[in-house]
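Construct the complete structure from the given sequences, taking the supplied hints into account.
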Amino acid sequence: MTSAPPITRAPGPPGEILPEFAGAVRPDRARWVDSSGVRLAVYEWGEPDGRPILAVHGGFDFAGTFDLLASLLAEHGWRFVAFDARGHGDSEHAALYSWGADLRDALAVLDTLGPEPVVVLGHSKGGGVVLELADALPYRLSHLINFDGLPSKNSAPDLTDHERRRWRKAEIEGWLDHRATADTVVRKPDTLDGLARRRHKLNPRLPFDWIRYLVTIGGRHDEDGWRWKIDPALRPGGFGPWRPEWSMERLPGIGVPVLGVLGLELEQMSWFTRPADVVPNLPPGAQFVPLEGVGHFLHIEQPRLVADLVLDFLGTP
Amino acid sequence: MTIETVSLVHNQVRLALHRLRDGRDARTRPLLVLHGLGERAPDAAPAYLDPWPGPIWGLDFTGHGQSTVPSGGGYTAEILMADAYIALAHLGPSTVVGRGIGAYVGVLLAGARPEVVRGVLLTDGPGLVGGGIRPASPYVARPEVSSGAPDALALFELSRDPRPPDYVLDFVRPLMQESQLEAPIVVASVNRPEWLAAVVAEPGVVETSIADGLALLARQG
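Read top to bottom, the protein sequences are chains A and B.
Residues in the first sequence are numbered consecutively from 1, following the numbering used here.
Residues in the second sequence are numbered consecutively from 318, following the numbering used here.
Read the hints as simulated data drawn from the structure, not as lab findings.
Heads up, some of the hints might be wrong.
Stated by the list, open to error - If you want a taste of the chain A side facing chain B, the calculated C-beta under 7 angstroms gives, among others:
#: 1; residue: S36
#: 2; residue: G37
#: 3; residue: A95
#: 4; residue: L96
#: 5; residue: R104
#: 6; residue: E132
#: 7; residue: P232
#: 8; residue: P241
#: 9; residue: A286
#: 10; residue: P290
#: 11; residue: L291
#: 12; residue: G293
By construction, the Cβ of each residue, glycine as well, lies at the ideal position given by its N, Cα and C atoms.
Following this line, the structure appears as structure tokens:
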């Protein structure tokens with residue numbers, strides 16, 4: 001084990017020039033945090049004695065997806081702290097993954113930031129995690145910021161019971177077969193551009209050069225090519241008894257100041273939540289900002305705009 | 318003492334599958350016992366399973382018995398379902414008897430992979446209730462790193478997992494409509510938490526004693 005997670009980007013094959021992306025800034029520091037025996041990679045931007053913002057990324061992302069936003073907040077005195085979820089980025093591949101484990105991992109990182117209540121920010125699935133953290137541990141948060149992470153009833157696909165069962169059965173069959181061979185699965189290698197093209201299909205609104213940049217953080221170069229570091233045992237989608245509206249139900253009771261930002265341009269990875277789903281659930285005094293012409297990855301599409309929203313909401317550290 | 322223990326691989330976990338008893342009738346398929354939450358496979362076939370004429374096997378779920386206790390928790394009933402599926406991939410089509418959470422896991426797997434579950438018998442045991450039909454007030458556990466089985470994180474997480482009846486029925490209804498078995502699901506438990514009450518209410522689900530249920534399941538092909 002290295003003494004700290006890597007901050008510098010993954011080296012490619014000899015002669016390959018790593019792509020740059022304007023405005024992207026790698027973290028100032030990195031460290032490991034142990035969560036019940038699972039090693040998590042934690043990254044920080046800004047002064048080490050600054051007031052912390054703990055950021056939780058979305059599913060199949062990693063802390064490096066905050067490379068555009070973090071420095072914009074750090075230059076105003078905030079200490080921006082993000083971590084790779086278990087199995088993602090440079091964090092350890094765990095035997096098991098669950099919503100409860102993600103909450104416990106977030107708390108393990110929060111515990112390293114001192115006893116004072118902390119600003120907590122979550123994007124997408126990370127938004128659901130911070131909503132539940134705020135409900136479970138209200139005394140640990142000073143503010144809650146949610147970027148397009150407000151699952152609602154509209155997030156569930158509109159299917160008949162029969163269709164849903166058939167779809168679910170096929171999904172579960174595929175998942176069980178995957179689990180039975182998960183120990184031997186390896187991610188498919190590709191060129192840097194090839195890996196970026198595959199990812200770009202999931203994130204079509206994001207600049208292709210941004211995805212190429214991400215490959216050099218969330219990916220690594222082996223002898224046979226580039227591949228994502230994420231645990232191949234993880235699969236997108238998934239199934240289980242969880243209902244998207246269970247996350248939204250946490251929102252009305254949040255007692256700390258809330259900023260919710262929703263991208264109105266729907267795309268494959270959106271929750272399909274609309275402002276009308278959110279507004280009735282906002283707690284007193286909450287700020288809610290729907291963004292026209294912006295998609296699910298709003299802090300990547302519009303980092304300056306989103307940073308200004310956060311800075312206005314939080315004030316000075 | 319178990320006759321034989323087979324080690325199976327489920328991602329980073331090694332599962333212990335124990336042969337508890339040989340069959341009196343070589344033509345009868347195996348019976349796989351799924352234990353309750355915090356339990357382990359018994360050392361020998363318990364007397365209440367005597368009516369089963371075939372061989373009897375017991376699986377230690379992840380974090381239980383002789384199976385690996387992984388770091389960091391993350392347990393779900395669906396992961397235990399995959400444990401059981403991997404055991405059945407080794408044994409071939411089998412009948413399943415589940416205690417407590419093993420009953421819940423057994424009925425999910427019977428619905429998901431009916432070609433390998435030739436009838437499931439649901440009985441009382443630890444973890445039968447789970448966390449109710451929707452999440453309770455959230456609580457983030459920070460137990461000490463476990464020193465052995467059963468894993469404290471398994472006990473915590475699997476006693477809180479929500480079990481909405483309509484989720485369970487997504488597994489049960491196609492099974493009941495499409496199965497060629499006389500009795501795909503047999504319920505012998507005294508306790509009927511909401512998910513199980515919903516299962517029992519489905520047409521074709523049989524309610525009977527453990528002994529009669531085993532006899533019924535042994536008769537069907």
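Going through the hints against the structure:
no.	hint	result
1	S36	4 angstroms, holds
2	G37	3 angstroms, holds
3	A95	3 angstroms, holds
4	L96	3 angstroms, holds
5	R104	6 angstroms, holds
6	E132	5 angstroms, holds
7	P232	10 angstroms, violated
8	P241	4 angstroms, holds
9	A286	19 angstroms, violated
10	P290	27 angstroms, violated
11	L291	29 angstroms, violated
12	G293	35 angstroms, violated
Violated hints, listed in ascending order, are 7, 9, 10, 11, 12; each of the other numbered hints is respected by the structure.
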